[in-house]
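Visitor: Hints are included, so try docking the two chains, each in its own frame, into the full complex.
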Amino acid sequence: MNLSRFAYQLNALALLIITLILAGAFAEQLYFGELPCPLCLLQRVGLMAAGLGFMLNLRFGLHPLHYGVTLIAALVGAATSARQVLLHIIPDGMGYGKVFFGLHLYTWSFVSFVSILFGVGVLLMISGSAHSSTPKLTRWIKLIVGLFLLVVFANLVSTLLECGLSECPSDPTKYLGLEKIRSWISGVKP
Amino acid sequence: MYIVFLMSLVSTVLILMGRRSLGVTATLITVITTAVMLYLDMTTKLQISL
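Residue numbers (the numbering used here), protein chains in the order written: chain G, 1 to 190; chain S, 1 to 50.
All clues given are correct.
Partial list, computed: chain S residues near chain G (C-beta under 8 Å):
{"id": "1", "residue": "Ser11"}
{"id": "2", "residue": "Thr30"}
{"id": "3", "residue": "Thr34"}
{"id": "4", "residue": "Ala35"}
Hints were generated in silico from the structure; no laboratory data involved. Keep in mind it's a predicted model, so treat the numbers as computed, not measured. Built from N, CA and C at the ideal position, the CB exists for glycine as well.
If we strip away everything but chain S, and leave its shape as in the complex, we get (with noise of 0.2 Å):
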């Protein structure tokens, strides 16, 4: 869990450093795994629900 944190901590630093690209990339990829984790979750192959 913590790796989406630390993914949107180096993207927050990315986008200060003046990396525009990077920095979207980063964020992009911060969100993809966010959303695989929910999928992963719902699939239950991922237990992460209450």
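Isolated chain G, as found in the complex (with noise of 0.2 Å):
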């Protein structure tokens, strides 16, 4: 196996850890049905678009401006997961939201981000300056890009049904537009 394939493999592995940490924090968010806060969204976000940098490379081939991509929302991503650490970093403090084997989900952000920024240092290596042809998707990696793709939607439709069309509020305790559907569809002011 050539260094470019196993790169590029690497990249459909580091799509499919990000799309699992993605439906983890959505199956978390239905089945203890806690709402994300605004900075938990644009930590997803993050997390998306340095998908899109793996997925890039997945369909047109290895190429610096793909890493490039996932570099640049990866910082941003553990900007903002840094930003949401430090908001609750006083000694003592219950933090927000649960804990996951130690460490809160925001900080596992800020552990995925800085992973996925090592990862692509890696890919980079191994890639070298080696760019792969326009590659032919397998199956597996159409039904991994398939998966990536529900997830965004999903994110999509349960943002919309959070916050409405507005601005999400700081502490979210219930699905705002959800309640406007329903009130607008029932007729009654909430």
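Guide: Okay, here's the thing in structure tokens:
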């Protein structure tokens, strides 16, 4: 197996991991009924944009431009999650949301973005100057890309139901958009 | 907030349709919009932090 092919498969793995992280956050939102805060939503966008860089590599072949997209997205995402970590860094503070394996989700988010930055560095070293031609999408890669598209779409719908068309509240407790739709259907003001 | 998710979805569709330049541009616009929202939050012009 040549390095270019190996790097291509690592890109597919990276997109799969990002999709699973986003799906996990979404499952946590639905299962525990815990609504994501606006900064959490921005972190999801950062993850999606980083995933889009990997998807560009899968769709059009390995290219430094695509890695650049992922790097910039991961930097913005890391800045967003670092901001939220710093907001809750007070000693003995409870933080925001549930703790998962000893860390809050926004701290895991920061770890994810730093891992992406590290991973892209490694991928750039492996890929080198070799630009692969436009690859043929295998069944597995089509499945990963399809799942990613589904997660992106689900997040759009969820955000619309949570915030509606206006600014999200800083500490969301209910689906405002959904309530507006319900009141619009029933004709009763909320 | 929904606008950045909409832009992400548009970027994904553009890439899948084979529109590389438009896909890259849309993704970068999404990232820049996110960065601007973060900046506005940090300068307390947009109250989205807890």
